[in-house]
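These are the residues of each chain, in order.
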Amino acid sequence: MSLKDKPVAGTLDASASSAGRAQAAASPQVRSPRRRGPQGKGAKGTPPRQTGTGRLRRGEHLFGWLFVSPALAVLLLFLFVPILLALYISFTNWSGLTNPLSSSVKWVGLANYKTLLSEPGLYRQDFGTAIRNNLYFVLFTVPLQTGLALLLAVVVNNKFLRAKGFFRTVAYFPSVTSSIAITVVFMFLFQGTGVVNTILGAFGVQGPNWLYDTRGLFTLIYNAFGVNNPSVLVNHGFLGLNLWGWVAGPSLGMCVVIIMLVWTTSGTFMLFFLAALQQISEDLDEASEIDGATPWQRFRRVTLPLVRPTLVLVLVLGFISTWQVFDQIFLIGPLNPATITPAYFSYQISFQDSNFGAGAAVAFLLFCLIVFLTVLQRKFIKEDLTQ
Amino acid sequence: MSAGRKSGWRLALRYGVMAVFAGLYIFPFVIEVGNSFKSDPAATAHALDPIPNPVDLTAWKQIFGIGAAASVTDFPRWLFNSAFLSITITVGRVFLDSLAGYALARLQFHGRRLVFAFVIATLAVPGVVLLIPKFLMLKQLGMFNSYQGMILPMLVDATGIFLMRQFFLQVPVSLEEAGRVDGASIWQVYWRIVLPVVRPGLLTLLILSFQGSWNEFQFYEIATISPKYFTLNTGLANIVGGGLSAGNQFPLKLGAATLTVLPIAVLFFMLQKYIRPGGMAGAVKG
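Keeping their order, the protein sequence lines are chains A and B. Each residue of the first sequence is one higher than the one before, starting from 1 at the first, in our numbering. Each residue of the second sequence is one higher than the one before, starting from 1 at the first, in our numbering.
Incorrect hints may appear among the rest.
Unchecked claim - Okay, derived cross-link-like pairs now, DSBU-like style, lysine-lysine, Cα gap no bigger than 30 Å in a straight line: (1) B/Lys-273 - B/Lys-61; (2) B/Lys-273 - A/Lys-159; (3) A/Lys-164 - B/Lys-273; (4) A/Lys-114 - B/Lys-228; (5) B/Lys-273 - B/Lys-139; (6) A/Lys-106 - B/Lys-139.
Stated by the list, open to error - Covered stretches of chain B, going by a simulated chain A footprint (3 or more residues, C-beta under 8 Å): (7) 33-39; (8) 49-62; (9) 78-90.
Derived from the structure by calculation, the hints contain no laboratory data. Don't be surprised by glycine CBs; every beta carbon is placed ideally from N, CA and C.
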């Protein structure tokens with residue numbers, strides 16, 4: 001699942017370098033076949049050299065290519081070539097049935113992009129709605145998961161606190177499990193007579209039928225203040241959706257997805273922050289405490305600046321992964337059109353309407369957005385490095 | 001002693017927050033397991049009770065194909081598919097990713113920088129936009145709706161290559177030089193000397209690969225069409241979508257969800273120390 005993949009993916013280098021470092025330290029004791037005394041001794045304490053000048057390099061070209069070629073072939077065949085093919089498809093009317101390179105497939109130029117972006121019609125409206133849905137999903141999920149993760153990390157980061165290991169395990173566990181399984185559980189929790197509404201009922205609140213409810217959260221608030229369908233907003237629009245639709249906020253169905261995602265990812269990001277907090281020397285923290293700083297001041301002036309790089313990282317990972325939400329919507333989307341995201345919309349029009357041309361166009365627009373965010377991330381993190 | 005008392009209160013507050021959130025993280029799993037042991041009406045009427053009363057095994061009998069309730073779904077097959085695919089993909093990834101990672105870390109060959117740049121670039125490609133392209137490619141290669149088609153594209157991942165490269169870079173060069181002087185070939189140096197050293201790295205990759213392929217959903221969903229290729233995830237998604245049976249059948253779905261989570265849970269609790277995302281922050285800074 002994409003949302004988890006990214007953080008975990010990012011994670012890799014982390015555990016890599018920490019575990020790798022530990023390993024490197026231990027390596028002199030590692031057995032090697034036919035090791036002889038002098039070399040063993042020589043190995044000890046010599047710093048690793050990047051390029052050996054006098055070393056025999058025989059066969060390295062051959063073995064280098066032999067070693068990388070299987071991996072390279074798979075990546076080229078199932079990543080690089082397909083992307084180019086899909087880009088081509090987005091300019092055609094391919095239905096998914098014939099060979100996409102055959103002559104029956106017609107080149108339609110920018111027609112697919114136009115039906116999504118400029119021509120009035122159902123596709124443009126659905127695409128606009130999908131963008132709206134995902135935009136609110138991002139705007140709610142990213143700050144909530146980041147804020148909660150930081151809060152929990154600050155709470156748990158205390159040397160006198162016990163059961164920290166247990167808490168870490170519990171908090172991290174949701175993000176290693178199947179997103180489909182989790183979505184099934186949350187659909188059960190939020191069904192009409194489900195757990196959440198039972199709990200709300202105990203407080204005298206009658207819960208909505210969450211999953212099916214397409215009403216926007218903000219719309220409900222406007223309605224509470226007596227504002228409903230103001231003509232100034234209804235009569236203007238963008239991407240086939242009027243402004244009243246744009247300011248609706250996340251639908252109640254989408255709120256379930258937001259809660260689910262925050263629940264799933266906050267634990268992982270908490271571990272990111274904990275790792276950063278543990279590098280803050282306790283002297284610094286204690287010094288500021290003795291100086292009479294309040295907890296809030298210490299958080300603002302000591303903690304926050306020091307976890308800033310991690311904060312940037314977590315925010316950007318969040319922005320990238322929340323634009324890719326798919327598995328959850330695969331299950332909830334068919335129940336509630338106000339939860340459909342571009343990623344799912346692309347799947348839907350391709351595999352259900354057999355309109356692969358338009359589906360590929362949606363995917364390509366999404367691709368551009370995410371690559372843009374990734375480039376932005378690398379720039380941000382580099383800036384943090386140079387500071 | 002007012003300062004001591006104050007910090008005592010603060011500690012209690014920390015414990016309170018921790019307990020509440022631990023509860024929130026565990027609660028859905030408790031509900032999941034508990035309700036899978038209920039009858040359909042009981043799960044709907046008393047969803048909040050974590051302990052089933054009476055215990056009803058209908059859902060689990062259905063899952064394991066026991067008795068009359070069976071045969072609506074083919075869970076044993078899904079379980080087999082999930083296990084078979086995950087194990088095959090994991091073995092392949094650990095082998096191929098580490099091979100490529102080693103070459104990129106240590107072997108001097110023409111085009112190495114280009115290959116590495118390519119691997120890094122593919123890291124940035126969002127998985128979700130690859131669904132249509134991958135479907136397209138499987139169709140072109142005649143591998144749509146087959147085990148080969150499900151396995152081959154999953155066999156290598158750029159993240160794994162990058163991870164292994166980082167591990168190999170940490171190994172002192174002197175170790176390999178010793179082997180070379182002794183007359184070992186490049187393959188022997190790699191297989192007998194370097195690979196045993198990076199065992200923790202291999203284990204990390206193994207866990208991540210298994211977890212990733214076990215939890216994979218979107219790719220299997222587009223790569224196949226026949227129910228015989230259902231994994232626990234795609235099969236479960238299909239029941240929820242109403243493809244196989246009517247009614248809400250929550251105990252069955254929750255039981256299947258439990259079965260999907262269980263192997264990962266066991267792996268996670270056994271090998272926890274090898275899955276440490278927290279180190280990330282440090283790695284990014286340096």
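Hints versus structure:
no. : hint                  : verdict
1   : B/Lys-273 - B/Lys-61  : violated (36 Å)
2   : B/Lys-273 - A/Lys-159 : holds (20 Å)
3   : A/Lys-164 - B/Lys-273 : holds (14 Å)
4   : A/Lys-114 - B/Lys-228 : violated (39 Å)
5   : B/Lys-273 - B/Lys-139 : violated (41 Å)
6   : A/Lys-106 - B/Lys-139 : holds (18 Å)
7   : 33-39                 : violated (count 1)
8   : 49-62                 : violated (count 0)
9   : 78-90                 : violated (count 0)
When the structure is compared with the earlier hints, violations turn up for hints 1, 4, 5, 7, 8, 9 and for no others.
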